[in-house]
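4 protein chains.
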Amino acid sequence: MAQLQRLDHFPGAEMIYRVLSAALIICSVSVAAAESSLDKEKLAQDVSALFAAKAVDNTTPGCAVGVIENGGWALLKSYGMANLEHDIPITSQSIFRTGSLGKQFTAAAIALLAEEGKLDLDVDIHTYLPDLMEYGHKVTVRQMIHHVSGIPDYEEGLPALKTADGEDLELENKDYLSIGEFYNRVKIIPLFAPPETEFAYSNTAYFLLSQIVKAVSGQSLREYAQQNIFSKLDMNGSFFNDEVNDVVKNRVDGYHRKEDGSYSIYMTNLSWVGDGGVYTNLEDWLKWDQNFYHNTLGTTGDEFVPLMEQTYSVSGDYAWGQGVSTYRGLKQVSHTGSWVGFTTMYTRYPEHQTSIVTFCNSNVVTNRAGREVRDLVLDQIAELPRPQNDTN
Amino acid sequence: MAQLQRLDHFPGAEMIYRVLSAALIICSVSVAAAESSLDKEKLAQDVSALFAAKAVDNTTPGCAVGVIENGGWALLKSYGMANLEHDIPITSQSIFRTGSLGKQFTAAAIALLAEEGKLDLDVDIHTYLPDLMEYGHKVTVRQMIHHVSGIPDYEEGLPALKTADGEDLELENKDYLSIGEFYNRVKIIPLFAPPETEFAYSNTAYFLLSQIVKAVSGQSLREYAQQNIFSKLDMNGSFFNDEVNDVVKNRVDGYHRKEDGSYSIYMTNLSWVGDGGVYTNLEDWLKWDQNFYHNTLGTTGDEFVPLMEQTYSVSGDYAWGQGVSTYRGLKQVSHTGSWVGFTTMYTRYPEHQTSIVTFCNSNVVTNRAGREVRDLVLDQIAELPRPQNDTN
Amino acid sequence: MAQLQRLDHFPGAEMIYRVLSAALIICSVSVAAAESSLDKEKLAQDVSALFAAKAVDNTTPGCAVGVIENGGWALLKSYGMANLEHDIPITSQSIFRTGSLGKQFTAAAIALLAEEGKLDLDVDIHTYLPDLMEYGHKVTVRQMIHHVSGIPDYEEGLPALKTADGEDLELENKDYLSIGEFYNRVKIIPLFAPPETEFAYSNTAYFLLSQIVKAVSGQSLREYAQQNIFSKLDMNGSFFNDEVNDVVKNRVDGYHRKEDGSYSIYMTNLSWVGDGGVYTNLEDWLKWDQNFYHNTLGTTGDEFVPLMEQTYSVSGDYAWGQGVSTYRGLKQVSHTGSWVGFTTMYTRYPEHQTSIVTFCNSNVVTNRAGREVRDLVLDQIAELPRPQNDTN
Amino acid sequence: MAQLQRLDHFPGAEMIYRVLSAALIICSVSVAAAESSLDKEKLAQDVSALFAAKAVDNTTPGCAVGVIENGGWALLKSYGMANLEHDIPITSQSIFRTGSLGKQFTAAAIALLAEEGKLDLDVDIHTYLPDLMEYGHKVTVRQMIHHVSGIPDYEEGLPALKTADGEDLELENKDYLSIGEFYNRVKIIPLFAPPETEFAYSNTAYFLLSQIVKAVSGQSLREYAQQNIFSKLDMNGSFFNDEVNDVVKNRVDGYHRKEDGSYSIYMTNLSWVGDGGVYTNLEDWLKWDQNFYHNTLGTTGDEFVPLMEQTYSVSGDYAWGQGVSTYRGLKQVSHTGSWVGFTTMYTRYPEHQTSIVTFCNSNVVTNRAGREVRDLVLDQIAELPRPQNDTN
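Going down the list, the sequences are from chains A, B, C and D. Numbering follows our numbering, with no gaps: position 257 of the first sequence is 257. Numbering follows our numbering, with no gaps: position 247 of the second sequence is 247. Numbering follows our numbering, with no gaps: position 370 of the third sequence is 370. Numbering follows our numbering, with no gaps: position 143 of the fourth sequence is 143.
Keep in mind that a hint or two might mislead.
Intra- or inter-copy, both count: the list cannot distinguish identical chains.
Only pairs whose alpha carbons sit at most 27 Å apart, straight line, appear in this in silico DSS-like list of lysine-lysine [as the list claims (entries may be wrong)]:
no., residue 1, residue 2
1, Lys331, Lys40
2, Lys162, Lys118
3, Lys162, Lys174
4, Lys258, Lys214
5, Lys331, Lys118
6, Lys258, Lys174
7, Lys40, Lys249
8, Lys249, Lys287
9, Lys42, Lys258
10, Lys258, Lys40
11, Lys174, Lys249
12, Lys249, Lys331
13, Lys174, Lys187
14, Lys258, Lys187
15, Lys249, Lys162
16, Lys162, Lys187
17, Lys138, Lys287
18, Lys118, Lys187
19, Lys40, Lys214
20, Lys42, Lys214
21, Lys42, Lys118
22, Lys249, Lys187
23, Lys232, Lys118
24, Lys287, Lys232
25, Lys331, Lys187
Quick caveat, the hints were computed from the structure, so don't treat them as lab data. Fair warning: this is a prediction, and the values are worked out from it, not measured in the lab.
Construct the complete structure from the given sequences, taking the supplied hints into account.
See the structure below:
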């Protein structure tokens with residue numbers, strides 16, 4: 001089956017829940033460890049050594065790396081450059097495009113709209129998007145949240161993602177579709193399987209969620225999230241970017257290292273959101289992370305976080321824009337993103353109120369680095385060792 | 001006839017030679033004034049006042065402005081920002097995309113290849129590009145240099161510039177064609193008129209010149225110009241950029257001011273060259289300017305500059321990638337560029353060894369500014385006043 | 001009488017209240033005009049033209065300029081560079097050293113301490129600073145606030161400001177005294193006149209106020225103001241800098257233009273505060289300005305602002321770290337600062353809720369610019385024309 | 001004996017020749033290895049690991065690190081920030097103050113003046129500086145070059161370096177002396193021992209050499225070196241900085257890390273040169289390094305480099321502004337610098353045409369790093385292992 005040209009850069013490719021969903025669920029017994037805190041000095045040395053092996057310096061892209069513990073930074077480091085043309089270093093204020101990390105904000109918007117009573121998670125989505133093709137099955141928002149709707153991902157050689165010449169669209173730095181043009185193509189894509197029969201990660205479904213937000217709120221996902229999430233949490237540098245050529249202060253460029261060792265700027269001119277599209281920085285992310293412990297979104301308070309961690313039918317570990325599983329004996333809530341040069345990873349261990357965030361901007365240092373930082377942290381707090389043949 | 005979406009951004013739109021070619025050619029009598037030099041202080045004040053009226057400040061794009069006299073800078077000023085996301089000011093080192101100013105380098109490459117004997121200016125171009133469609137007329141490189149080849153410009157609703165859906169290509173920030181894809185489209189465009197019947201500015205023809213350079217030299221235009229022009233003149237920051245996503249130190253972004261006053265980044269992902277595509281800065285341009293007085297390119301020395309100023313048959317004032325005319329009583333050699341947010345202008349008054357260069361990076365301050373700087377200079381050195389109803 | 005080497009850089013030199021205190025106090029009749037608002041476009045053009053005449057560009061220092069009206073910016077512009085070595089433009093976030101503008105924060109700290117009951121404005125200051133020399137007169141905090149204490153200014157060739165060789169101290173970029181060393185010298189300076197006999201601007205007295213704050217609060221002026229003023233008003237970039245070599249994000253360098261047109265960095269290594277020493281930016285200043293309309297400092301609410309505008313005995317128009325007068329028929333509250341390359345000016349017209357703030361960083365563009373911006377604003381809102389022979 | 005407050009920051013403190021001069025001189029047998037080249041990949045990994053252990057990131061100062069082999073860079077890396085206030089990374093263009101590395105340029109200037117016949121290395125220096133105090137011994141330039149003149153170093157509690165209060169001068173960020181004032185103090189310092197009796201590193205003597213250059217050439221050392229060294233070698237960013245407050249493009253700030261982990265800017269306002277004072281960058285230093293293999297300075301060509309490596313009487317390994325010794329079996333020419341936050345090291349192995357240069361800008365990462373880079377290089381090319389108890 002035909003594939004998009006750079007399949008490896010699609011978010012799904014690195015999703016960690018795939019393995020996790022098959023993993024043994026070991027009952028967490030580590031709550032007692034919650035008071036112990038990280039050895040920050042050792043962590044800093046370990047993380048520095050890890051990045052040292054990657055040849056990041058002031059002439060290369062790199063990463064912003066944060067480890068949160070008990071509401072503050074146990075580690076906050078940046079390596080490499082945000083912009084190679086003007087020698088701008090990455091800092092904790094640098095604004096990264098975060099790829100599929102954005103799905104948790106799309107899911108949160110849906111959750112808040114459901115709470116407001118504007119959206120029924122379990123009716124057929126044609127209620128909200130009447131111009132969608134007839135699927136022959138009832139498809140619900142809830143199914144789309146959990147990737148069990150049967151709506152195929154972009155990655156499947158769909159006609160929707162062909163040029164009119166029958167070529168695959170080149171979505172990074174190249175071919176262009178407006179949001180409207182993309183929706184016009186997506187709305188005629190049939191299901192690949194009946195709903196609730198199979199877990200299948202679907203960026204397409206999350207894009208459609210952005211259209212549902214618009215249909216029920218009268219606001220674009222950008223506007224709705226701005227008003228109901230980002231402003232509420234004082235995440236002033238964060239937004240769904242549905243105009244990717246707009247000027248964004250402190251914006252990081254994504255880079256692709258070529259064979260000769262030089263870099264090209266590796267961006268997209270696609271502006272659709274929902275499957276991703278959140279721009280943010282580490283300083284803001286701390287606020288998002290803390291909201292999982294002290295929710296201030298919506299009106300119901302206590303219900304938001306448990307909902308966000310709910311899984312569904314065949315969804316395995318996939319909850320609301322985030323995977324919920326057990327890793328090294330600890331409850332882990334996690335997601336990655338990977339898109340046009342950016343790789344991002346966010347992993348939360350609620351029992352320890354400890355999280356790891358990594359935002360990187362090239363194809364050189366990727367989410368492998370994020371996973372290694374995670375395990376360096378867990379080496380200090382988890383009771384179980386790193387798994388053999390770890391593919392997480 | 002259908003037009004490309006943003007016709008106004010095509011180089012031809014602002015070409016000054018159109019009016020000039022109809023102007024009376026007044027014999028220059030001002031050589032005697034050549035010793036007099038500019039009042040630099042007055043010039044600086046006049047230019048500053050001019051830019052003040054344009055609301056350029058540290059939150060807007062702007063311009064680099066240089067006035068050359070007797071081999072040095074009589075004025076060298078920069079206003080506004082090269083990059084709004086990182087607050088990088090424009091300086092005399094800032095690298096601008098110069099649009100159609102690049103045509104004089106394409107023409108120079110052709111001139112040097114002709115001098116080397118690798119290229120015959122007057123044979124049919126199918127000699128070099130055998131896969132071009134059969135035109136039904138002999139078309140020569142010389143005709144293409146002077147825009148009298150009958151090859152139509154991009155701007156004509158050509159099928160070559162349609163998407164396969166029949167939509168007009170959007171060439172800024174959006175639709176993508178590789179150089180090869182573009183050539184495959186261009187090579188089947190028929191003439192719109194027999195050669196040598198009409199002057200018609202043709203970016204298409206200059207693009208084809210880049211392919212002819214490659215055919216006869218075995219090097220891309222980028223490589224050939226690097227080796228035979230830019231390196232020779234120590235223009236170390238200058239090159240034909242045929243990989244527009246590559247990292248370029250000190251690169252200026254082009255901007256489009258939107259109705260709400262905010263800016264979007266206004267770039268292209270098209271990498272073809274010949275009709276334009278030269279990246280350079282003011283410091284390098286001084287070296288190019290001075291080469292018109294003391295040529296060091298090629299082997300024949302004295303012949304290069306006169307050739308570059310030669311016109312041809314119905315070409316009117318259009319010489320080799322530059323217009324040669326008379327303005328306010330002075331011999332003027334000039335060209336402008338205008339492309340995806342960049343507007344550039346270079347005007348040389350050889351009798352006074354005086355030139356004006358302006359590189360700007362938005363749709364707010366454009367070549368009108370360049371022309372006004374030019375006239376502020378001429379107010380000091382020309383005997384004739386500004387023309388009424390000046391459209392130059 | 002001997003003078004310090006660069007007298008012109010001392011704050012007192014440009015104080016506007018000197019003339020104002022002799023001016024006729026014209027009863028303000030312009031309250032009715034308060035609804036009218038500024039023509040922002042005209043103002044922007046006028047201000048740009050003003051700065052154009054000053055040859056500010058991307059290779060020179062410059063100014064941040066703000067005009068506040070009805071709680072927001074009617075004009076917010078920046079011209080020139082904050083740091084010439086790294087081509088960093090001035091922006092509304094740039095942190096300027098503000099010289100004597102800091103006096104209003106020293107005065108505010110004193111006002112808040114008095115309100116708290118920690119400080120009696122009218123007892124002899126030896127109560128708080130017992131190691132001061134015996135003055136032979138009762139000297140009060142209130143007198144010091146209004147410059148009627150008889151404590152001489154630095155500028156008087158005092159032994160306190162001689163090197164031990166008998167040379168005048170060079171306080172910019174050169175000779176060093178710690179706060180303790182300075183206090184040890186200041187505490188033995190006798191009065192030059194009995195208190196309440198004469199207005200005489202005294203930086204020395206305001207420095208001593210910083211020592212009194214420390215004596216009564218147990219906190220340095222920096223700490224006290226941080227806690228009771230800057231944090232309260234969310235002025236996150238603002239502080240009394242009593243360690244001038246500390247790293248400050250976005251710090252502007254002060255420059256001195258030399259005769260050959262090049263610049264030297266023009267700083268001090270003196271860290272004492274009280275007479276000045278506040279670092280801030282335009283964005284923060286807006287919050288300070290608005291607090292004069294909706295005070296949130298201290299506990300008494302309504303009393304703070306009237307107190308800050310109170311004058312005293314022979315103090316003329318000098319209130320609490322700010323002059324209160326009438327200019328062009330309007331009530332004006334104003335102060336300037338001038339120190340090691342920085343010139344600053346803040347003028348408030350409470351009847352119109354309109355203010356002008358200018359922060360500049362060289363000896364080239366100074367408070368003359370601030371006054372001209374002020375008059376450009378008043379040309380729109382004041383009923384009286386610019387005075388003849390204006391020395392304000 | 002009284003010491004200056006921050007003795008550890010004086011260049012002499014880390015001079016490596018002290019131990020080297022006592023080391024066994026092992027006859028070099030490794031010339032045959034000269035063709036072998038470095039494993040650049042391994043070197044890059046080793047150096048990255050070394051800096052990783054030092055917690056350098058985008059919020060800290062750091063180092064520029066270069067390894068030269070056969071005329072080019074075998075390694076060229078930069079870590080950390082040149083300016084923490086504006087997030088400017090260190091690059092190979094960053095201009096560092098190099099401390100005592102400047103002595104080799106002072107020595108070179110002397111050598112060139114001697115070659116020109118303007119200076120006699122062996123006459124009494126009162127010939128050139130008649131206003132020096134009477135020493136009671138003949139003191140020559142040659143003795144001063146090799147630190148055997150008996151002129152004491154600054155570090156000796158000399159009255160010349162007391163304030164008039166009898167306090168030690170604080171030379172970093174604080175007390176100020178002009179060059180003239182310093183010379184007036186230095187010229188009355190007596191010898192601490194008769195010439196040629198003892199090696200004693202003397203910054204004072206190298207400062208006096210700058211005055212001798214001026215006396216015999218009529219140019220300041222800055223001017224003389226500009227004309228006769230830096231321009232000749234196309235070291236366009238390099239100069240003796242005798243006006244330390246002048247604006248220098250790409251200038252690195254020196255930093256001092258305080259106990260709380262924050263940084264203060266750690267500079268001096270002293271402008272004297274000779275003992276140091278060269279500002280330069282890695283790109284320029286490559287040219288200086290290569291001149292030791294292909295000398296183009298002066299007129300005698302072959303004699304300059306051997307002279308620069310000549311030692312003298314009791315000077316041990318100290319030649320002309322550089323130490324010449326044997327380390328790990330290889331001939332080593334080396335010097336370090338350490339001054340107000342900057343630590344620098346340059347080590348050349350002529351038999352391998354291999355050199356190591358490190359420029360650092362804080363008290364956190366110092367010349368220990370430089371030595372370790374050196375040994376990582378030697379681990380690849382030297383036959384002997386690292387010495388036990390290495391104090392080099």
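Against the structure, the hints:
1. Lys331 / Lys40: Within one copy only: 22 Å inside a chain, 43 Å across chains, cut-off 27 Å.
2. Lys162 / Lys118: Neither: 35 Å inside a chain and 43 Å across chains, both beyond 27 Å.
3. Lys162 / Lys174: Classified as both; 13 Å inside a copy, 16 Å across copies.
4. Lys258 / Lys214: between (40 Å within a copy, 24 Å between copies)
5. Lys331 / Lys118: Neither: 32 Å inside a chain and 54 Å across chains, both beyond 27 Å.
6. Lys258 / Lys174: both (17 Å within a copy, 23 Å between copies)
7. Lys40 / Lys249: between (31 Å within a copy, 25 Å between copies)
8. Lys249 / Lys287: Intra 20 Å, inter 22 Å, cutoff 27 Å: intra and inter.
9. Lys42 / Lys258: between (34 Å within a copy, 21 Å between copies)
10. Lys258 / Lys40: Close across copies (19 Å), not inside one copy (36 Å); limit 27 Å.
11. Lys174 / Lys249: both (24 Å within a copy, 22 Å between copies)
12. Lys249 / Lys331: neither (36 Å within a copy, 39 Å between copies)
13. Lys174 / Lys187: Classified as both: same-chain Cα gap 23 Å, cross-chain 22 Å, threshold 27 Å.
14. Lys258 / Lys187: neither (36 Å within a copy, 30 Å between copies)
15. Lys249 / Lys162: For lysine 249 and lysine 162, neither the intra-copy (34 Å) nor the inter-copy (35 Å) Cα distance is at most 27 Å.
16. Lys162 / Lys187: Both, since 15 Å and 25 Å are each at most 27 Å.
17. Lys138 / Lys287: For lysine 138 and lysine 287, neither the intra-copy (37 Å) nor the inter-copy (55 Å) Cα distance is at most 27 Å.
18. Lys118 / Lys187: Within one copy only: 22 Å inside a chain, 56 Å across chains, cut-off 27 Å.
19. Lys40 / Lys214: Answer is neither; intra-copy 44 Å and inter-copy 36 Å both fail.
20. Lys42 / Lys214: Answer is neither: 47 Å inside a copy and 40 Å across each miss the 27 Å cutoff.
21. Lys42 / Lys118: For lysine 42 and lysine 118, neither the intra-copy (49 Å) nor the inter-copy (47 Å) Cα distance is at most 27 Å.
22. Lys249 / Lys187: neither (34 Å within a copy, 43 Å between copies)
23. Lys232 / Lys118: within (19 Å within a copy, 39 Å between copies)
24. Lys287 / Lys232: Both, since 10 Å and 21 Å are each at most 27 Å.
25. Lys331 / Lys187: neither (37 Å within a copy, 62 Å between copies)
Against the hints set out earlier in the document, violations occur for numbers 2, 5, 12, 14, 15, 17, 19, 20, 21, 22 and 25.
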